[in-house]
Amino acid sequence: MPLPARLTHAASGAFVIVYLAVQVGYPALARTRPGHGAFTWHMYSGLYDGPKVAVAFADGTVRDLGRLTRRGSQVRVLGSSVDIERYAPKRICGLWPDAREVRARSRARDVTVPCPPRS
Amino acid sequence: MPAAFLNRILTARRPARPVALFRIGVGLAVVLRGVKTARDLYLLEYDPLVVPAPLFEWAQRPATLPGIVALAGAFLAAGAALTVGWHARLSAAVACAISAWLFFVDQSFWGHHVYFMTLMLLMLALADSDASLSVRWIRQGRPERDVPAWPAWLAQVQLSLAYFFTSVAKLNPAFLSGDVMRDRIVTAPGMSAMAQPLAIVALAAEAFLAFALWSRRLRPWAFVIGFGMHVLIPVLLTPYVGLVVFSMLVFAVYVLFLDVPPGSRLVVWDDACGFCGRTVEWLRRLDWLSAHRFEGSSRPSALAEAGVTAEEAADEVKVRAGGRTIGGFDGIRSILEVTPVAFLWAPVLGLPPIAQWGRAAYRRVASRRHCVLPPR
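Protein chains in written order, with this note's numbering: chain H, 1 to 119; chain U, 1 to 376.
Nothing false has been slipped in among the hints.
One side of the interface only, derived from the structure: several residues of chain U facing chain H at Cβ under 8 Å: (1) P52; (2) A53; (3) W110; (4) L154; (5) Q158; (6) A162; (7) D179; (8) R184.
In silico lysine-lysine, DSS-like type, Cα no more than 30 Å apart, as pairs: (9) U:K36 <-> H:K90; (10) H:K52 <-> U:K36; (11) H:K52 <-> H:K90.
Okay, the calculated bits of chain U under chain H, using three or more residues with CB under 8 Å as the criterion: (12) 4 to 10; (13) 39 to 51; (14) 166 to 173.
Please keep in mind that the hints were generated in silico from the structure rather than gathered at the bench.
All C-beta atoms in this analysis are idealised placements derived from N, C-alpha and C, irrespective of residue type, glycine included.
Only chain H is shown next, with the shape it has when bound in the complex (with noise of 0.2 Å):
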């Protein structure tokens, strides 16, 4: 085999190697690691549903916005691969002004994420 064959021959089966051993590995490992659940595959296995969000406000009322992924939802999500817990609620807060803190439910936990006092 001449040798710009043979190259592209070596190049060709070490991405073909890396490739399985990151696709087969990463998974794998992953799924010994909970929260690693990016870029693997669990499609509505409900390992990673987004939580269920809801807001308090300042005179105790409390609106639920249920699942942000859902269309119709008031605040939304455009991914379900979206950390809520980390990014809804700094919107949420900017959007109502009277809001005192975010609540995230999911199976796994119940997060309460206040919102920053008005100034």
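Starting from the structure of chain H, add chain U where the hints point.
Leaving out everything else, chain U in the frame of chain H:
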């Protein structure tokens, strides 16, 4: 990975036509996803009710309308070019790069269907996917070629890995109890009891698909189950472009599993019958993979190869494949099972009572066909 196996994978070649159909399917999925990407980029910038999820300071999404149009336009153009096979490797590389870039820009662009699409684009950037059914192919006089098989093989393996790991992920109490199904699909009152059985069926289907696609015997049923699953899911769940894109990508990979060498199957038909000739013409048009040779029953060599007499071939169409000859309705089903337009559902024609009805209908049509040769 044993060296001999790897070497066999790397040196294997396969007909270009299925790889081209894979390319077209992925290209169309990219175009559809591109429309959503354009819309999402716009909403992230201009809709205050949409939550952005930026990841890195250095990976900024376009902040102006011209910028959004440019990025989305490039993505759409790459998808269109990939579909028609215009500089397919470059188009795939551009689409793959944009899709990968968006992973760094915002978590809104993460998703199973986007990830799978990006990986398929990576394979197409490495494959000779425009050797057939492309601009280049037309310019070169439509030659039939073989291409390196390993990129397509990797795409097939990737699909199996997705099915496998998804089915493993579903082995959790929330899914097995039916809670996820109850939450997502079974929302009608009184259907709650169906949630758990549906969950078990879904899990079993995905686990089956992970392996069955590689079995020649089980593959037709894998196609049917996969077709049913990937059509039903976008219907049962909240309509979502991502699910449709994922289904399109999956079906594109399924075509790669149609591993039928060109001309490997023989169809013997009654060439004294004009009706039969018209039917064969339709079957030729559907035979995009050129898997069949259509030979008239007036050719003794065709009869000998099929192991039938002229009388038998006049009675019904005969299909010789895999060392055995079948005829009539079952022969037609066998032909359809290796055509890209019908392979996903044609195996159902072999199930009772459809098979019985089909055979009866074939016999009725065959006995009443007008055996008049078309005027010369």
